[in-house]
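Here the protein sequences line up with chains A and B, keeping their order. First residue of the first sequence? That's 1 in this note's numbering, and the numbers climb one at a time after it. First residue of the second sequence? That's 1 in this note's numbering, and the numbers climb one at a time after it.
FYI, nobody ran anything at the bench for these hints, they're computed from the structure. Every residue gets a Cβ at the ideal spot worked out from N, C-alpha and C, and that includes glycine. There's no promise every hint is true.
Derived BS3-like pairs (lysine-lysine); straight-line CA-CA distance at most 27 angstroms [claimed, not checked]:
no.: 1; chain 1: A; residue 1: 42; chain 2: A; residue 2: 108
no.: 2; chain 1: A; residue 1: 42; chain 2: B; residue 2: 78
no.: 3; chain 1: B; residue 1: 24; chain 2: A; residue 2: 42
no.: 4; chain 1: B; residue 1: 78; chain 2: B; residue 2: 24
no.: 5; chain 1: B; residue 1: 68; chain 2: A; residue 2: 42
no.: 6; chain 1: A; residue 1: 112; chain 2: A; residue 2: 79
no.: 7; chain 1: A; residue 1: 45; chain 2: B; residue 2: 24
no.: 8; chain 1: A; residue 1: 42; chain 2: A; residue 2: 79
no.: 9; chain 1: A; residue 1: 2; chain 2: A; residue 2: 112
no.: 10; chain 1: A; residue 1: 79; chain 2: A; residue 2: 45
no.: 11; chain 1: A; residue 1: 45; chain 2: B; residue 2: 68
no.: 12; chain 1: B; residue 1: 68; chain 2: B; residue 2: 78
no.: 13; chain 1: A; residue 1: 112; chain 2: A; residue 2: 45
no.: 14; chain 1: B; residue 1: 78; chain 2: A; residue 2: 45
Anything over 12 angstroms on all C-beta distances counts as not near chain A; from chain B, calculated [stated by the list, open to error]:
no.: 15; residue: 17
no.: 16; residue: 39
no.: 17; residue: 42
no.: 18; residue: 50
no.: 19; residue: 73
no.: 20; residue: 78
no.: 21; residue: 85
no.: 22; residue: 93
no.: 23; residue: 96
no.: 24; residue: 107
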Amino acid sequence: RKEVEQDPGPFNVPEGATVAFNCTYSNSASQSFFWYRQDCRKEPKLLMSVYSSGNEDGRFTAQLNRASQYISLLIRDSKLSDSATYLCAVSPGVMDSNYQLIWGAGTKLIIKP
Amino acid sequence: DAGVIQSPRHEVTEMGQEVTLRCKPISGHDYLFWYRQTMMRGLELLIYFNNNVPIDDSGMPEDRFSAKMPNASFSTLKIQPSEPRDSAVYFCASSSPDGYNEQFFGPGTRLTVL
């Protein structure tokens with residue numbers, strides 16, 4: 001089992017719809033969780049840090065479920081510009097290595113007009 | 001504020017040649033990470049530094065790869081000799097221990113080894 005797993009997609013979603021995807025992690029000691037967005041031929045860019053209480057930024061909501069060991073990303077009222085690959089990243093959970101991140105392979109999202 | 005700066009943005013070289021990739025982290029960030037990204041393997045951590053000291057190089061594929069960080073504002077990743085299977089996008093990222101450990105990426109170097 002991979003340490004961090006994501007459904008690769010693609011998720012094909014009509015503009016204006018709501019879409020959600022999850023990322024599961026294997027290490028229950030993980031402390032930091034992130035969603036990054038990566039456009040084609042660009043670098044990953046931080047979208048949201050995921051806090052234990054969950055957090056929201058405009059149309060984006062991130063949740064952490066420690067019991068089931070996954071994080072989720074919900075996008076409401078999707079825009080064409082939301083088309084991208086969404087990477088999740090999780091800290092390894094080992095104290096000395098907490099500054100590293102373990103990366104999922106990404107979920108590709110395509111918003112269709 | 002300037003983000004992470006990488007150079008060159010594109011590099012095309014022939015097998016056997018030496019390649020040097022450069023990175024300038026965000027000022028004040030103590031951690032610097034080198035990643036490689038390919039379609040097949042995704043984003044792989046190669047090595048990371050804390051306060052210019054290499055902490056974990058277990059991701060470096062083999063002895064042909066080496067990385068240095070002579071000061072807080074500069075790091076290099078060197079491949080010697082290069083091979084076609086090294087073709088990938090190489091990203092540098094930095095983070096600050098004062099934050100939530102978020103990493104910020106440079107634009108990457110797209111390396112093609114012929």
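Do the hints match the structure? See the list:
Taking the CA atoms of residue 42 of chain A and residue 108 of chain A, the gap is near 14 angstroms; set against the 27 angstroms cutoff, the hint holds. Restraint check for residue 42 of chain A and residue 78 of chain B: the C-alpha separation of about 22 angstroms stays at or below 27 angstroms, so the hint holds. With a C-alpha separation of about 18 angstroms, the suggested pair residue 24 of chain B and residue 42 of chain A falls inside the 27 angstroms cut-off, and the hint holds. A C-alpha spacing of about 15 angstroms is found between residue 78 of chain B and residue 24 of chain B, which places the hinted pair at or below 27 angstroms, so the restraint holds.
Distance check on the hinted pair: residue 68 of chain B and residue 42 of chain A sit about 25 angstroms apart at the alpha-carbon level, within 27 angstroms; holds. About 9 angstroms separates the Cα atoms of residue 112 of chain A and residue 79 of chain A, which keeps this hinted pair within 27 angstroms; it holds. A distance of roughly 17 angstroms separates the Cα atoms of residue 45 of chain A and residue 24 of chain B; the hinted pair therefore holds under the 27 angstroms criterion. Note on residue 42 of chain A and residue 79 of chain A: the hinted pairing holds, with a Cα-Cα distance of about 19 angstroms set against a maximum of 27 angstroms.
With a C-alpha separation of about 31 angstroms, the suggested pairing of residue 2 of chain A with residue 112 of chain A is violated against the 27 angstroms cut-off. Distance check on the hinted pair: residue 79 of chain A and residue 45 of chain A sit about 18 angstroms apart at the alpha-carbon level, within 27 angstroms; holds. For a cut-off of 27 angstroms, the pair hint linking residue 45 of chain A to residue 68 of chain B stands: about 25 angstroms separates their Cα positions. Using a Cα cut-off of 27 angstroms, the hinted pair residue 68 of chain B and residue 78 of chain B holds, with the two alpha carbons roughly 9 angstroms apart.
This hinted pair checks out: residue 112 of chain A and residue 45 of chain A have alpha carbons roughly 22 angstroms apart, not beyond 27 angstroms. Taking the CA atoms of residue 78 of chain B and residue 45 of chain A, the gap is about 25 angstroms. The hint holds against a cut of 27 angstroms. In this structure residue 17 of chain B is separated from chain A by more than 12 angstroms, as the shortest Cβ-Cβ distance comes to about 24 angstroms. The Cβ of residue 39 of chain B does not lie farther than 12 angstroms from every Cβ of chain A; its closest approach is about 10 angstroms, which violates its non-interface assignment.
The beta carbon of residue 42 of chain B is not kept farther than 12 angstroms from every beta carbon of chain A, the shortest such distance being approximately 4 angstroms. At the 12 angstroms boundary, the C-beta of residue 50 of chain B falls inside the reach of chain A, the nearest C-beta of that chain being 7 angstroms off. For residue 73 of chain B, the condition that its CB be more than 12 angstroms from all CB atoms of chain A holds, with the nearest at approximately 19 angstroms. With a minimum CB-CB distance of about 21 angstroms to chain A, residue 78 of chain B clears the 12 angstroms threshold, and the non-interface call stands.
Under the 12 angstroms C-beta cut-off, the non-interface status given to residue 85 of chain B relative to chain A holds; the minimum distance is some 19 angstroms. Not every C-beta of chain A lies more than 12 angstroms from that of residue 93 of chain B, the closest at about 8 angstroms, which undercuts listing it as non-interface. Some Cβ of chain A comes within 12 angstroms of the Cβ of residue 96 of chain B; the nearest lies about 10 angstroms off, and the non-interface call is violated. Distance check for residue 107 of chain B against chain A: the nearest CB is about 5 angstroms away, which does not clear 12 angstroms, and the non-interface claim fails.
In summary, the numbered hints that this structure violates are 9, 16, 17, 18, 22, 23 and 24.
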